[in-house]
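Chemist: Residues per chain, in single letters:
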Amino acid sequence: MLEMIAKLLKILNSEADPNQIGLAFGFSMIAGFTPILSLHNILILLLALILRINLSAFILGFLFFSGLAYLLDPFFNSLGILVLTAGLFEGLWTLFYNSTLWRLENFNNSIVMGSLLFSIIIFVPFVIIVNKLIIKYRENILEWVRKSRIMQALKASKLYNLYMAAQ
Amino acid sequence: MKKWLRWQGLVVFFCIAVFLSILWFVLVDFFAERMIEKFGTDIVGAKVELDNADVTLFPLGLELKRLQVTNPDEPMTNIFEAEKINFSIDGFNLLRRKIIIDKMSVAEAKIGTSRKTSGAISRKKRTESTIQDKAKGKKPALPSFKTPDVNMILQKERLQSIELINSLTTEMDAEKRKWQLTVKDLPGKEKIAEYQKRIEALKKADKGGLSSILEGVGNGGALKKDIEHDIKQIYSARKEFKQELASLKKRMDEAIKAPGRDIRRLKNKYTLSPQGLGNISHYLVGPKMVKKVEQAISWYYRLKPVLERTVRDKEDGHKVVKPVRGKGVNAVYKERAPLPDFLIRLIDVSLNLKAGDLSGKIKNVTPDQDILGLPTTFVFSGDKLRNAKSIRINGNLNHIDPLSPADTIKARLKGYRLSNINLSDQETLPVTIKDGFADLKLNTVLKGGDIFADITASLKSCRLITKTSGSEGFVAEEIASALSEISDFNLKADITGRLDDYKIHIKSNLDNVLKNAVGKTVKKYTVNLEKQLSSAINEKVKGPTGDLQESYINLMPVGDELSGRLTLFKGLLGGIGTTKVPGGIKLPF
Chain X
1 MLEMIAKLLK
11 ILNSEADPNQ
21 IGLAFGFSMI
31 AGFTPILSLH
41 NILILLLALI
51 LRINLSAFIL
61 GFLFFSGLAY
71 LLDPFFNSLG
81 ILVLTAGLFE
91 GLWTLFYNST
101 LWRLENFNNS
111 IVMGSLLFSI
121 IIFVPFVIIV
131 NKLIIKYREN
141 ILEWVRKSRI
151 MQALKASKLY
161 NLYMAAQ
Chain P
1 MKKWLRWQGL
11 VVFFCIAVFL
21 SILWFVLVDF
31 FAERMIEKFG
41 TDIVGAKVEL
51 DNADVTLFPL
61 GLELKRLQVT
71 NPDEPMTNIF
81 EAEKINFSID
91 GFNLLRRKII
101 IDKMSVAEAK
111 IGTSRKTSGA
121 ISRKKRTEST
131 IQDKAKGKKP
141 ALPSFKTPDV
151 NMILQKERLQ
161 SIELINSLTT
171 EMDAEKRKWQ
181 LTVKDLPGKE
191 KIAEYQKRIE
201 ALKKADKGGL
211 SSILEGVGNG
221 GALKKDIEHD
231 IKQIYSARKE
241 FKQELASLKK
251 RMDEAIKAPG
261 RDIRRLKNKY
271 TLSPQGLGNI
281 SHYLVGPKMV
291 KKVEQAISWY
301 YRLKPVLERT
311 VRDKEDGHKV
321 VKPVRGKGVN
331 AVYKERAPLP
341 DFLIRLIDVS
351 LNLKAGDLSG
361 KIKNVTPDQD
371 ILGLPTTFVF
381 SGDKLRNAKS
391 IRINGNLNHI
401 DPLSPADTIK
411 ARLKGYRLSN
421 INLSDQETLP
431 VTIKDGFADL
441 KLNTVLKGGD
451 IFADITASLK
461 SCRLITKTSG
471 SEGFVAEEIA
481 SALSEISDFN
491 LKADITGRLD
501 DYKIHIKSNL
511 DNVLKNAVGK
521 TVKKYTVNLE
531 KQLSSAINEK
541 VKGPTGDLQE
551 SYINLMPVGD
561 ELSGRLTLFK
571 GLLGGIGTTK
581 VPGGIKLPF
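Chains as they are written, first to last, in my numbering: chain X, 1 to 167; chain P, 1 to 589.
So here's chain P without its partners, still in its complex pose (with noise of 0.2 Å):
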């Protein structure tokens, strides 16, 4: 046994132990630190920094100073900021790979506060122009009000009707060489000729015998076959080339309107419709909601793996979760008292806002709320705040059935004192609330990949300030000199659809007031408009609809030509039908 056995090992053995234990103690703060940054920053897909974190054993915890989340989409700005976060873990489940965090406190916390650096990273980029590209196809657009050009319309626009005349005249011309060819190919004068002789021969076979008169019989009704069967070919091609030709007129007159409908076109493409007059909160406030919404769908996405497991296969009695490459995959077996991997109980936040101090509960954090059987709710909400009355904002996350999540999100803003808050970013028509307040109310129901929201918000003792080059025309100051006269409106958005696919509708008594008092003039601007475009279109289109009109007038011959084949073949077969035999007798044909 004594051969076998060395007793110092265990004195080298315990040395070991107490060499990595106290490694691991010297360096767990610094590894601590980078996991929380590596892991935010993949979630985030911008810079998260710690200046410090700290892990104690007893209790087992971590806090956490300074931790700063950077805006992806402005990297010079933190979404998120907070002073100190400290919890204790659960030891015991810890050692069951389970991260069960009791209470989280966060105190001075920030939003939107500005970076000394910036936290993009490469990744970022392109998470930035998916967001604009896809709120670029979403903005409404609010129409230019500089008073065109009509010379430079016609210079950027493509014209349909030119286009539509143009290749209808190419059309024409390729038909009529097209019967010509057909003329061609029917029987004609050589023909006529032919039939002229065979009718001669034929008179010539009258002053002969019985048996001469017999043969003549046979003659002539061979000869009117032929004959009518010419007529039959070039009646049916007069026929045909009638149905072409009364489809190519219908086609020539519509040809002939289509610049009436470029007119349209373009009138409502340079001019305010009363439509877009009627809805002008929509092209003013819409780019940036669009913005906005876009921002808010794009962090739901991001923060959607610490709701729900985005990989989960179940296989009978047990799950595989988590295929990493050269890691293995994890195999999940039924749980006694099941828990899930990950999950903070209760967040207690201090959050420090513009508006004042807020202070919030988050409840039941976790991606695996189908364990816990519990939604992640949340809750701010503060009173007599330094610029507003009271905020409340709370919401449900529903995910307890992976398959059809439900989110509920409730925000309730009273006496919230505005301070140059940019209305509209519009480049035509730039808006910005000096001052005021507002009273919001925001209800967001998201249900399967399908949001539902509605946004009131009522505006009152509000300065607005409209910022035109003076470049961008009669509308722009007019819409401009209407806004400044307006201290109380109210908005009203509805958003509806899928998350990637939604539609969004503003309603504001803003419309009503802008489009009294820019209305008339308006109008009056589109009537003149109108005119300007109907006579530069008209002279354009002038020469290629008279070389249409041309075209179609040389289609004409080729009926000419058919009809009077038909009438010189007609007069023939009547030349036969008179045919006697002697005696008086009218031959059969």
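Next comes chain X alone, as it looks inside the complex (with noise of 0.2 Å):
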């Protein structure tokens, strides 16, 4: 815990590109609400790869998404009925169905569908905001904690240690 922490403020302050870190987060929510064993999966870890994102925020990303999924499973699982049933889409999801690569992706499972649909729907906002709240964290907060008694407290502990040994 106390590693991940460590990593994920290192990443904060690192001179990393919002924009990549951002993504990474993006991308990671995605890998860790849907069930890893998806086809889409293997879009978005090579996406994580040929792209330049910064793959610390992708790892730490998806154990995080990944620990909030189980408690998000129920509301995957109804919005994924929810979607699955609709009548106005019932010839789309038949036509998926007849198709070998969409059977292959487990479409018409109700979690995957639900958390698949959940990821794409918030994933340019959450990009968006993230990209913003690291230019705000940079801008007005980074300074005041760097110089907090927390901060100091913190630079004489374990975390402290971790975080150089991180460096």
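Read the hints as simulated data drawn from the structure, not as lab findings.
Each hint should be verified, as a subset may be incorrect.
[To be verified] Straight-line Cα separation of at most 27 Å, DSSO-like style, residue types lysine-lysine; simulated pairs:
#, chain 1, residue 1, chain 2, residue 2
1, P, 203, P, 191
2, P, 156, P, 176
3, X, 136, P, 3
4, P, 447, P, 524
5, P, 288, P, 414
6, X, 132, P, 447
Given two chains presented individually in distinct reference frames, assemble the corresponding complex, making use of the accompanying hints.
Modeler: Here it is in structure tokens:
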């Protein structure tokens, strides 16, 4: 846990482009929320590797969102059932159902559909918000955090040693 | 653009893909083996084990070595064992999550092989006990052939007649107390004395003037009304008492006859009735047949998921299946070319039985017969076998319409050599066919939860061995002796009813043979037992019957008292009725 916080601080305090960090968290959210053995996650992994995004943020985000997904599974399940049983989309789902690629994607599973749909919908706003937050953090909070008593105390702690070791 | 791309990432991606492929290739056999074992164990309820599973990629297929399926009812026995099973899977359909196997071959399959270690799992015990409990409830038990001691019978059995007599005695005593209180509350001696005083007063009034006479007339009318009211009360009570007494008398007469019913009941329980004697084959073979039928039904339920899905909710044009917690649900839509999720089109089986080697074909194994539109069929046959002239077993398991499944199974065995076959495992009279030959016909139809089956067995040149301990009595010995002289016989069993509540009716020509052999002895023994029971039970009920009769007699004084009072009160009324006014004119009351 301490190691994770240290890594997060390292990423936020680094000189990395906020867009790269935001996109990494965005991809990790899709990979973390959706079942790991889904076809689209191969594409996410490929994008995470070939796009110049912050891999540490991706891994950290993946661990966080995977944990969060356990709590959100009932919501994803309900959302998936709602979408998959909506008469409006029946033609589309029937088309997908008859396609090998989409069957391999397991789109007709309520949790896959619910989590993927949710992740895709909030992907762009999420990346923009994370981006803005990182910029704001670096502009307004970073200096204050560095000078704060808590940070001074932390510098003397095991956390700081870990942070330094990770540099 | 260059700022956003990291081409070396492709190399990393490729390395990860290669690493995962190698890992899959190394571990896939192990996982396939574990999956088959787990899936099989879950269905059967006992261990399913594989020595080895080998996944081949070109063509995509699987080879299984030494598959053992434990019999959940006998954990040291395999219900099925196959040395080698191999099949190829349609790779394209596998991508669509459909397991389609065109042809599977099962080599050297055996039934009923022994195991080195127990194949029981914790769940097994429950399954077995359930079958045993169900079978126990349906088993026709063979009556004990021991000559029972009458005193032992009477110690063990509840005599309903004594209970009836005692309860009636208690009731009669309560009635007596109730009526004593009722009589106490009714007009009695004090009232009579009061009325006599009032009559005297009336008589005195006769000697007065006209005003006294008129007053007397009024008083006389009131007195008569009062007496009549009391008479009515007593009369009504006496009527009710008589009715109750008559009812109690009727019940007492029945209770006195009750020991006869106890005698008949116990005689029937501890002796072979003519009906029982005429259907002894039912008692002999029935329990074993019930056990076999229960086993067959439990296997039918175990294998039912292979024939049809249990959960499939249809909603509009699509279906939602298999709601598994935490795993989500899969929606199913209309396919252009519908195919079941699991299908084995053909299984070629070579089956090694004790009787000889059979070859068999099983077609269209799928839980989605409604999609395939074809039933599962099977046929096993063999001629000129080691221990049989011919065997043919075929079946049609039609679950195309899951709401009205219809399964038929037929079996024909000709010239099957019998050796040490346990015909009856009843403790009182175990019967074994040491050797012989049998022709067997079986027709079974399972339709919508109902079973209709008939089994005909013709047994020839048999040697029947019975092991009586000697303590089972002369009837068992005579039956054993009669059986030892029988070489040819037939058995016919009909099974009908719901799968969870069926009836077995067994007939055999053994019935007549055994009836003739032991009928006279059983009759003599029955008469003797009846006499002993009659004497002992009558002795036992003698005291309680006496008490009952005494209680009844004790009720009589109540009736006498009521009648007596009624007479006295009527007498009073008579006294008033003769009262005349002076001048000889009779009063109108």
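Chemist: Which constraints among the numbered hints does this structure fail? Numbers only, ascending.
Modeler: Hints 2, 4, 6 contradicted; others consistent.
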